[in-house]
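A.B. asks: Letter by letter, the chains look like this.
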Amino acid sequence: MTVIVALWCVAVLLGTAILATAVARRPYGRTFVYGVSLIASAAALIAAVTHLLTGGTLAPSVTLPVGLPWLGSHFRVDALTAFFQAVVNLGGGAASFYGLGYGRHEAAPQRVLPFFPAFLAGMNLVLLADDAFTFLLSWEFMSLASWALVMAHHGERDNARAGYVYLVMASFGTLVLVLAFGLMAGPDGGYGFGSIRAAAHAPGVAALVLVLMLGGAGSKAGLVPLHVWLPLAHPAAPSHVSALMSGVMTKVAIYGFVRVVFDLMGPSDWWWGVPVMAAGTVTAVLGILSATMERDIKRLLAFSTIENVGIIFVGLGLALAFQGNAMNLAAALALTAALLHVLNHTLFKSLLFFGAGAVQTATGERDLECLGGLIHRMPQTSFAFLVGCVAIAALPPLNGFVSEWLIFQAILQSPQFPQWGLKIMAPAVGALLAMSAALAAACFVRLFGIAFLGRPRSAAAAAAQEVDLPSRSIMIALAGLCLLAGVLPGLAIDSLAGVTQSMVGAKLSEQATIAWLSVVPIGESRSTYNGLLVFLFIAASTAVSALVIYRLGPRTIRRAPAWDCGFPDPSPATQYTAGSFAQPLRRVFGGLAFGASERVDMPAPGDTRAARLTVTMHDRFWEWLYTPLTQVVSLVSGTLNHLQFLTIRRYLTLVFIALVALLLVLALWP
Amino acid sequence: MTIDLLIQGGQMAVVLLLAPLLTGFVRKIKARLLRRRGPSVIQPYRDLLRLLRKEAVLADNASWLFRAAPYLIFATTWVAAALVPTFATGLLFSWTADLIAIIALLGSARFFLALAGMDVGTSFGGIGASRETMIASLAEPAMIMIVFTLALVAGSTQLSTVSAHMTLPAVGLRVSLGLAAIALVMVAIAENARIPVDNPATHLELTMVHEAMVLEYSGRHLAMIEIAASLKLLLYVALIAAVFVPWGLAGPGEGLDRHALGLAAFVAKLAVGGVLLALFETAIAKMRVFRVPEFMGAALMLGLLGTLLLFVSRSL
Chain A
0 MTVIVALWCV AVLLGTAILA TAVARRPYGR TFVYGVSLIA SAAALIAAVT HLLTGGTLAP
60 SVTLPVGLPW LGSHFRVDAL TAFFQAVVNL GGGAASFYGL GYGRHEAAPQ RVLPFFPAFL
120 AGMNLVLLAD DAFTFLLSWE FMSLASWALV MAHHGERDNA RAGYVYLVMA SFGTLVLVLA
180 FGLMAGPDGG YGFGSIRAAA HAPGVAALVL VLMLGGAGSK AGLVPLHVWL PLAHPAAPSH
240 VSALMSGVMT KVAIYGFVRV VFDLMGPSDW WWGVPVMAAG TVTAVLGILS ATMERDIKRL
300 LAFSTIENVG IIFVGLGLAL AFQGNAMNLA AALALTAALL HVLNHTLFKS LLFFGAGAVQ
360 TATGERDLEC LGGLIHRMPQ TSFAFLVGCV AIAALPPLNG FVSEWLIFQA ILQSPQFPQW
420 GLKIMAPAVG ALLAMSAALA AACFVRLFGI AFLGRPRSAA AAAAQEVDLP SRSIMIALAG
480 LCLLAGVLPG LAIDSLAGVT QSMVGAKLSE QATIAWLSVV PIGESRSTYN GLLVFLFIAA
540 STAVSALVIY RLGPRTIRRA PAWDCGFPDP SPATQYTAGS FAQPLRRVFG GLAFGASERV
600 DMPAPGDTRA ARLTVTMHDR FWEWLYTPLT QVVSLVSGTL NHLQFLTIRR YLTLVFIALV
660 ALLLVLALWP
Chain B
0 MTIDLLIQGG QMAVVLLLAP LLTGFVRKIK ARLLRRRGPS VIQPYRDLLR LLRKEAVLAD
60 NASWLFRAAP YLIFATTWVA AALVPTFATG LLFSWTADLI AIIALLGSAR FFLALAGMDV
120 GTSFGGIGAS RETMIASLAE PAMIMIVFTL ALVAGSTQLS TVSAHMTLPA VGLRVSLGLA
180 AIALVMVAIA ENARIPVDNP ATHLELTMVH EAMVLEYSGR HLAMIEIAAS LKLLLYVALI
240 AAVFVPWGLA GPGEGLDRHA LGLAAFVAKL AVGGVLLALF ETAIAKMRVF RVPEFMGAAL
300 MLGLLGTLLL FVSRSL
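These protein sequences, in sequence, are chains A and B. Just so we're aligned: the first sequence equals residues 0 to 669 in numbering that gives the first Met the number 0. Just so we're aligned: the second sequence equals residues 0 to 315 in numbering that gives the first Met the number 0.
Here chain A stands alone, though its shape is the one from the complex:
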């Protein structure tokens, strides 16, 4: 049933994409495309949530007579698919709603409108696919549709490069996935997920598939060192598409990883968790450090996406390690934590990207050093953005904290590992995760503090206007959802029971029946958290203290110039800047992570030349990995280039040599 609804939604989205090419330039085109996308997403969302809540019947897959003639295309919805469908369509619906207002500012709507529903359809198809061929085709379709959206503003500086890098990385990812599925299908070519699941995989093959999936899904999700395209491509697209790419498409990649590694490959070895956890930890720390140094809002958010993907992969790695040791309950806890973070990250990252889009609409600026004081001119946007910042900084009582708390609870189960390596690794991972959470707080204090607080740093920021109603209302709605998911996490955890049951063979005890709606992952005496009560207590204490003080004390407020130790300066340049805020962190962590160095050029006494401070930072991944790689590629292609200009005689000789070589290989092959 769910799968039929979902397929119809996909069909509607694809039809809209085709129609959009005709109506894109019409005045009603925007309303039509985003309106239909919103309705389709909402329908798919409702179907998916119903499936999750009712437990859903595990229907056999639906076969459509498209694709490979002897295979067809198989589609199926199980709990895992339904959960990710809910996440994708929640983000997709929100982005469509936002697009209703935001799309007005699009200079070339014909470059966005046809691809937007196609992108949504592609992501839904990846989730629905039940055979390798359909999966890969949908995956590639999703990549290409998003690539077209990245290239929507192709005239802007750097966007062409972003599109190129994205295309190369996406091709690499798909190539790796093709290899992975080829290995899983085996020589007989059983490409249906059912037959892959049923087949026994040799340990070597399984290990190779794990590595390939880390590369294939990891490159799409943004695992270090395959993350380099995210901060280029995500900001290049229009903001609601950035929200989709960062908040939703990375989740589709995570779906791919979970589907293959947990579901198709069957029970894992304990060591599988080690590379996954290690990659996740490195990704989390480097992602948030890069975000803290960044001054472009959308690039900052893209880097923060990398961090959150890292956190999710830590959860997945823990789940793999627990599963490999037959600790199914702990595995269910870790998997629940990771999947809950998937949902939470979609909520707040969409919200933050919408906010960044609103800032860009209002000021025309993405550079933090040109913003400031927006809280006065965009009060509603800044309130919603603030909620998003608190949520992503993993602070109670909002939703980001709940999932990170669950991950810490899973890490606290690690002493039961029989393997010494895992025992020692888990606390270190926990410490680094705590560091990345604290750095996220620093990063988002900096983002909100520089962009929305203080005094405007440019004329554009001083003249900003609040954005249109649909944009504001969807931001406020997402902020409300962040709070809801933070105070009532038990609902989301319960809906994940079916997923963990089918993936790791255990589920957390039902949370909805616990008194006061607490979250009790393992046992009451071990650890509990009650977001609802924390929220109520904070609200009550705030209200009581404010009331008491207003009752008893004087209510007078006097406005005066800032004190600033007696020397207030009206120039906004005297404020702290994004660069100066990041300086302590750059000094502490930058040397190791970015090879950062500061050079002060101080003129001699009497010299009237201005002193200069130069900061140099290196992107080690470009310098150590990608630049050498491109150099090798261009060297090889340069050397082989003269093969294009040979005489026919030489070509014939080459063909002859190749033929002889092939025959020799055939003759000598054992």
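Hints are not guaranteed to be accurate.
Between beta-carbon pairs, the in silico distance windows are [stated by the list, open to error]: (1) B/ARG31 <-> A/VAL281: 49 to 59 Å; (2) B/ARG31 <-> A/SER524: 36 to 46 Å; (3) A/PRO567 <-> B/LEU172: 31 to 41 Å; (4) B/ARG45 <-> A/ILE423: 44 to 54 Å.
Quick partial rundown of chain B residues pointing at chain A, CB under 7 Å, derived from the structure [to be verified]: (5) THR1; (6) ASP3; (7) GLN7; (8) ALA55; (9) VAL56; (10) ASN60; (11) THR75; (12) GLY106; (13) MET133.
No lab work stands behind these hints, which were simulated from the structure alone. Note that beta-carbon positions come from the ideal geometry of N, C-alpha and C, so glycine has one too.
Here the structure of chain A is known, so what remains is to put chain B in place on it, guided by the hints.
C.D. replies: Quick look at chain B alone, frame taken from chain A:
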């Protein structure tokens, strides 16, 4: 149920009422150690009342966040302090948040304090906010390692369970717990902006972190922030006491006499903690801001060492 509610309310009142006293006590001891008379121990109460009675002066471009932040900071800190066992364990709402959540609640308070520091757009607020978040990013991993060690020993992150477990004779003296205690003290010093990380008494701009953020506050807003700072100090002393010297704590369902005893024990623990803090602060000089990473790194290493030692000792 009513009694439980009363005890929980009592705890909230106790932490709120004792917090300024602890601050005044530490100041007094520090002054006596420097052979000064020092202000009376109840001076913080007088200061708070004076601030509450004054009108609040707001900078011209201060936003609603600047006015809301003091109440939020106070409320989150108060809620966090109410969840740490002070004179009794197993309070009515003690299961609302475990140790990790309490630490995170303090993180929320810090988040809003740092934002408030940046609201007016002065360089002092910015410098304070940026340094505060830097110190926090180093303190949190150390704190998680301490939580990890405690959870390994007590099998729980629930503070009531941990302190009940720590009174068992089976726990005994452990090197790991000693290391965790030292690490927790170091984190507490950093979190409360005490010497050698920050100086609560200074207004010399280049050395200050916490004071720089609250520079623009006045009147009732400043009062809320000051009392939140006192509450945080009390919270950390209570936390260290509840985990490492949990004796005297009244258990759930015990009589009023036990609770009175617990209260007396708590006041005594606060006094000892205050004296030790004053001694330490007097004996040591403030360090440069960029030495703080080494200080916090040491705390992290101690926490890690505590965990590893536990692993080793268990398997032997």
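A.B. asks: Hint by hint, say whether it matches the structure.
C.D. replies: Here is how each hint holds up against the structure:
In this structure the supplied range 49 to 59 Å holds for B/ARG31 paired with A/VAL281, their Cβ-Cβ distance being about 51 Å. For B/ARG31 and A/SER524, the Cβ-Cβ distance of about 44 Å falls inside the hinted range of 36 to 46 Å, so the restraint holds. Range check, A/PRO567 to B/LEU172: about 56 Å between beta-carbon atoms, so the 31 to 41 Å window is missed. Look at B/ARG45 against A/ILE423: about 53 Å separates their beta carbons, and that is inside 44 to 54 Å.
Nearest Cβ of chain A to the Cβ of B/THR1: about 18 Å, over the 7 Å cut. The hint is violated. Residue-level restraint check for B/ASP3 is violated (minimum Cβ-Cβ distance to chain A is 14 Å; threshold 7 Å). At a threshold of 7 Å, the smallest CB-CB gap from B/GLN7 to chain A is about 11 Å, leaving the interface hint violated. The interface hint given for B/ALA55 is met, as the beta carbon of that residue sits about 5 Å from the closest beta carbon of chain A, less than 7 Å.
About 5 Å separates the beta-carbon of B/VAL56 from the nearest beta-carbon of chain A, less than 7 Å, and the hint is met. Nearest Cβ of chain A to the Cβ of B/ASN60: about 6 Å, under the 7 Å cut. The hint holds. Interface restraint check for B/THR75: the shortest CB-CB distance to chain A comes to about 6 Å, inside 7 Å, so the restraint holds. With a least beta-carbon distance of about 6 Å to chain A, the hint placing B/GLY106 at the interface is held under the 7 Å criterion.
Taken as an interface hint, B/MET133 checks out: its beta carbon lies about 4 Å from the nearest beta carbon of chain A, inside 7 Å.
The structure does not agree with the numbered hints 3, 5, 6 and 7 stated previously, though it agrees with the rest.
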